[in-house]
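Participant: Everything in the sequence shown is counted per this note's numbering, starting at 1 for the first residue and increasing by one.
I should point out that these hints are in silico values taken from the structure, not numbers from a laboratory. It is possible that part of the hints are untrue.
In the SDA-like style, the derived pairs of lysine to any residue whose C-alpha atoms are separated by at most 25 Å in a straight line are [unchecked claim]:
{"id": "1", "residue 1": "LYS95", "residue 2": "MET116"}
{"id": "2", "residue 1": "LYS115", "residue 2": "LEU48"}
{"id": "3", "residue 1": "LYS115", "residue 2": "LEU93"}
{"id": "4", "residue 1": "LYS95", "residue 2": "PRO25"}
{"id": "5", "residue 1": "LYS77", "residue 2": "SER43"}
{"id": "6", "residue 1": "LYS115", "residue 2": "SER38"}
{"id": "7", "residue 1": "LYS115", "residue 2": "ASP57"}
{"id": "8", "residue 1": "LYS77", "residue 2": "PRO25"}
{"id": "9", "residue 1": "LYS109", "residue 2": "HIS83"}
{"id": "10", "residue 1": "LYS95", "residue 2": "PRO64"}
{"id": "11", "residue 1": "LYS109", "residue 2": "ALA94"}
{"id": "12", "residue 1": "LYS109", "residue 2": "TYR34"}
{"id": "13", "residue 1": "LYS115", "residue 2": "MET75"}
{"id": "14", "residue 1": "LYS109", "residue 2": "ILE67"}
{"id": "15", "residue 1": "LYS109", "residue 2": "LYS77"}
{"id": "16", "residue 1": "LYS77", "residue 2": "ARG105"}
{"id": "17", "residue 1": "LYS109", "residue 2": "ASN128"}
{"id": "18", "residue 1": "LYS115", "residue 2": "GLY92"}
{"id": "19", "residue 1": "LYS109", "residue 2": "ASP36"}
{"id": "20", "residue 1": "LYS109", "residue 2": "GLN55"}
{"id": "21", "residue 1": "LYS109", "residue 2": "ALA88"}
{"id": "22", "residue 1": "LYS109", "residue 2": "GLY46"}
{"id": "23", "residue 1": "LYS95", "residue 2": "LEU80"}
{"id": "24", "residue 1": "LYS77", "residue 2": "ARG61"}
{"id": "25", "residue 1": "LYS95", "residue 2": "HIS138"}
{"id": "26", "residue 1": "LYS109", "residue 2": "ILE86"}
{"id": "27", "residue 1": "LYS115", "residue 2": "GLU44"}
{"id": "28", "residue 1": "LYS95", "residue 2": "ARG49"}
Keep in mind the model is a prediction, meaning the values are calculated, not measured.
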Amino acid sequence: MSTASYDSEHHDGAPDYGACRRPTPPVRRGDIFYADLSPVIGSEQGGLRPVLIVQNDVGNRYSPTVIAAAITSRMGKTRLPTHIDIYADRVGLAKDSVILLEQIRTLDKRRLREKMGHLDETVMAEVNNAIAVSFGLHEGSRDAGSRDVGARHGDIPGATRPNTAAAVRHTDEDRTVAPPSGGTRAEG
Numbered sequence: 001m002s003t004a005s006y007d008s009e010h011h012d013g014a015p016d017y018g019a020c021r022r023p024t025p026p027v028r029r030g031d032i033f034y035a036d037l038s039p040v041i042g043s044e045q046g047g048l049r050p051v052l053i054v055q056n057d058v059g060n061r062y063s064p065t066v067i068a069a070a071i072t073s074r075m076g077k078t079r080l081p082t083h084i085d086i087y088a089d090r091v092g093l094a095k096d097s098v099i100l101l102e103q104i105r106t107l108d109k110r111r112l113r114e115k116m117g118h119l120d121e122t123v124m125a126e127v128n129n130a131i132a133v134s135f136g137l138h139e140g141s142r143d144a145g146s147r148d149v150g151a152r153h154g155d156i157p158g159a160t161r162p163n164t165a166a167a168v169r170h171t172d173e174d175r176t177v178a179p180p181s182g183g184t185r186a187e188g
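Generate coordinates for the entire structure from the input sequences, incorporating the hints supplied.
Facilitator: In structure tokens, the structure reads:
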């Protein structure tokens, strides 16, 4: 019987990150770090590569995980409306690169290595638009951009970040739903 803690037990063949107990660096939205994305399956981006932190700063401060988008230096890849070009001399990378906002995943902070740089507000506005396209968060279509693979975020109608604050309201009526059996239950 093993005495290993849950953090160091892996049943999927993944590396044992729980055992290394590396201190995690402070992380902010817009930071670029090198991260170990292996193991991968299929078309996922993997290996030691740069990633862009896209998670909000509250989550970055308190969560043991971050949400990040893979970055590639292969500029010749098929252009998608979820791709944002970044220039090496402005962000601390060795080569001009592309942020792949269709390759977003949750990472344990212990996968993060050295911080390479930080994106400015102008580029992060492009990132926000590409995330909206990737997740279908814009108005007008559940599948925007798929018909125009070469389009940039500005060429896609409705690809701006929507103002959702006005759309979110909770009342007592909103919290009561009817289950399939016909009774009611409160949502929590």
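Participant: Are the hints correct? Go through all of them and say.
Facilitator: A quick look at each hint next to the structure:
Straight-line distance between C-alpha atoms of LYS95 and MET116 comes to about 12 Å, which keeps the hinted pair within the 25 Å bound. For the hint linking LYS115 to LEU48, the alpha-carbon distance of about 13 Å falls within 25 Å, and the restraint holds. Distance check on the hinted pair: LYS115 and LEU93 sit about 10 Å apart at the alpha-carbon level, within 25 Å; holds. Using a Cα cut-off of 25 Å, the hinted pair LYS95 and PRO25 holds, with the two alpha carbons roughly 24 Å apart.
Only pairs whose Cα atoms come within 25 Å are accepted, and LYS77 paired with SER43 is accepted, the gap being roughly 13 Å. At roughly 18 Å between alpha-carbon atoms, LYS115 and SER38 fall within 25 Å of each other, so this suggested pair holds. A hinted pair counts as satisfied when its Cα atoms are at most 25 Å apart, and LYS115 with ASP57 qualifies at roughly 16 Å. With a C-alpha separation of about 31 Å, the suggested pair LYS77 and PRO25 falls outside the 25 Å cut-off, and the hint is violated.
Proximity of LYS109 to HIS83 is assessed by CA-CA distance (about 24 Å); at most 25 Å being required, the pair is judged to hold. At roughly 30 Å between alpha-carbon atoms, LYS95 and PRO64 are farther apart than 25 Å, so this suggested pair is violated. Simply put, LYS109 and ALA94 have alpha-carbon atoms about 23 Å apart, close enough for the 25 Å limit, and the pair holds. Under the criterion of a C-alpha separation no larger than 25 Å, the hint pairing LYS109 with TYR34 is consistent with the structure, at around 11 Å.
Note on LYS115 and MET75: the hinted pairing holds, with a Cα-Cα distance of about 22 Å set against a maximum of 25 Å. Note on LYS109 and ILE67: the hinted pairing holds, with a Cα-Cα distance of about 10 Å set against a maximum of 25 Å. Restraint check: the Cα-Cα separation between LYS109 and LYS77 comes to about 28 Å, which exceeds 25 Å; the hinted pair is violated. For the hint linking LYS77 to ARG105, the alpha-carbon distance of about 20 Å falls within 25 Å, and the restraint holds.
Proximity of LYS109 to ASN128 is assessed by CA-CA distance (about 22 Å); at most 25 Å being required, the pair is judged to hold. Annotation: proposed proximity of LYS115 to GLY92 holds, straight-line Cα distance about 9 Å (limit 25 Å). Restraint check: the Cα-Cα separation between LYS109 and ASP36 comes to about 10 Å, which is no more than 25 Å; the hinted pair holds. Simply put, LYS109 and GLN55 have alpha-carbon atoms about 12 Å apart, close enough for the 25 Å limit, and the pair holds.
As the CA atoms of LYS109 and ALA88 are separated by approximately 24 Å, the hinted pair is consistent with the 25 Å bound. Only pairs whose Cα atoms come within 25 Å are accepted, and LYS109 paired with GLY46 is accepted, the gap being roughly 16 Å. Of the supplied pair hints, the one linking LYS95 and LEU80 holds, its CA atoms being roughly 20 Å apart against a limit of 25 Å. Proximity of LYS77 to ARG61 is assessed by CA-CA distance (about 34 Å); at most 25 Å being required, the pair is judged violated.
The hinted pair formed by LYS95 and HIS138 fails the criterion: a straight-line CA distance of about 32 Å is larger than 25 Å. The hinted pair formed by LYS109 and ILE86 meets the criterion: a straight-line CA distance of about 23 Å does not exceed 25 Å. The suggested pairing of LYS115 with GLU44 holds, with an alpha-carbon distance near 22 Å, which does not exceed 25 Å. A threshold of 25 Å between alpha carbons decides the hint, and for LYS95 with ARG49 the separation of about 12 Å falls inside it, so the pair holds.
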